Amino acid sequence: MSFFRVLLFVSLALFNFTAATSRPIAIARPPLETGSVHRRGVPYNEVKYIKYFDVGGSRVTWAYNWDSRSHGDIDAWFEFVPMLHSNRADQTGKWAEDVRAAAFANKDAPTHLLGFNEPDNCEPGMGGACMDLGSSIAAWKQHMEPQKSLKEKMYLGSPAVTNGPNGLAYLSSFINACTGCSIDFINIHWYDEASNAAYFKKHVEDTRKVAAGRPIWITEFKPRGNDEQIEAFLDEVLPWLDTSSDVHRYAYFMATTGDGFLIDNGGNSLSNVGSRYAFGA
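Sequential numbering of the sequence shown, starting at 1, is according to the numbering used here.
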């Protein structure tokens, strides 16, 4: 082999090595759900109501219940999303086992986990985890972060904060202070008047500033008003949510009976609001 051929061979080898080593490392990210097929979900306490959403034309595809276990037979059509509600022992004690069961029920599919429920909410009887920032970070590192390595497509959702005066500030502080934490997507809640769709959209816009490019899940939202007012609210915000590329999932509160909820008062079918939510454009 001539000197020039040797030189050419070495040069090409160095070029190929450099090109191979300079390629960016692929980092697992939540899949970008730009279509509206997978976005719509349902929170529940009583699993018996979930079957009413498993009908032709329904756009509901996932569910959660503020717990790490589904507590019933969720049809395979739905994705059950486990939540670590708080740092209480009754929640953390079963967490790792339940996450493993959910992750390997379909090991090739993505698994999403929801962080603490309203740690900024300490009002008695309102379901908030009521955790100070230090407690949230410590619990995340002990119980949430280890699940990240369980499988490649494992995605961790931030603590879900309220739309109260301190909600987004709490979330921002958590993200900034939780060093080394894998926060793949952001969770928020929203409650206000049905006439205030503009505020709903503004709150999502404000969340985008905190999310810094992460996908957003709205895991609880419910407007106050009569059925007609709520349905008008849904008619406005559902198309907006479905065309917002960074809003990956959302869930109307909730699958139960009563005014403004998703199940009719007899508990036998979807309410008017439930039908509008499940089938609306």
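Since the hints were made in silico from the structure, they are not lab data.
These numbers come from a predicted model, not from an experiment.
Virtual Cβ for every residue (Gly too), placed ideally from N, Cα, C.
Keep in mind that a hint or two might mislead.
Unchecked claim - Label pairs and their in silico Cβ distance ranges:
(1) Thr179 / Ala281: 38 to 44 Å
(2) Gln229 / Ser149: 42 to 48 Å
(3) Asp73 / Gly93: 38 to 44 Å
(4) Val55 / Thr256: 37 to 43 Å
(5) Lys94 / Lys151: 15 to 21 Å
(6) Gly180 / Asp259: 21 to 27 Å
(7) Gln142 / Ser195: 26 to 32 Å
(8) Gln229 / Gly93: 38 to 44 Å
(9) Lys51 / Asp206: 32 to 38 Å
(10) Ala169 / Lys51: 28 to 34 Å
(11) Pro110 / Asn265: 17 to 23 Å
(12) Lys151 / Phe279: 43 to 49 Å
(13) Ser195 / Asp132: 42 to 48 Å
As the list claims (entries may be wrong) - The list that follows gives simulated cross-link-like pairs (lysine-lysine, DSBU-like), each with its CA atoms no further than 30 Å apart:
(14) Lys153 / Lys51
(15) Lys94 / Lys107
(16) Lys94 / Lys48
(17) Lys141 / Lys151
(18) Lys107 / Lys151
(19) Lys201 / Lys151
(20) Lys107 / Lys141
(21) Lys202 / Lys151
(22) Lys107 / Lys202
(23) Lys153 / Lys209
Could you see if the CB distance from lysine 151 to phenylalanine 279 stays within 43 to 49 Å? violated, 34 Å
Between valine 55 and threonine 256, does the beta-carbon spacing fit 37 to 43 Å? violated, 18 Å
Can you tell me whether the CB distance of lysine 51 to aspartate 206 sits inside 32 to 38 Å? Hint holds: Cβ distance 36 Å, inside 32 to 38 Å.
Holds or violated: the 15 to 21 Å window for the beta-carbon distance between lysine 94 and lysine 151? This hint holds: roughly 19 Å between Cβ atoms.
Given the hint of 42 to 48 Å, is the C-beta distance from glutamine 229 to serine 149 inside that range or not? holds, 46 Å
Glutamine 142 and serine 195, beta-carbon distance inside 26 to 32 Å? Cβ of glutamine 142 to Cβ of serine 195: about 43 Å, so the range 26 to 32 Å is violated.
Need the status of pair lysine 202, lysine 151: alpha-carbon distance at most 30 Å? violated, 35 Å
30 Å limit on alpha-carbon distance, applied to hinted pair lysine 107 and lysine 202: violated, 37 Å
30 Å Cα cutoff - pair lysine 201, lysine 151: violated, 34 Å
Would the hint linking lysine 107 and lysine 151 be met if the CA-CA limit is 30 Å? holds, 8 Å
With 38 to 44 Å as the target window, see if glutamine 229 and glycine 93 comply at their CB atoms. holds, 43 Å
Mind checking the alpha carbons of lysine 153 and lysine 51 for me, to see if they're no more than 30 Å apart? holds, 27 Å
The structure does not agree with the numbered hints 3, 4, 6, 7, 10, 11, 12, 13, 19, 21, 22 stated previously, though it agrees with the rest.
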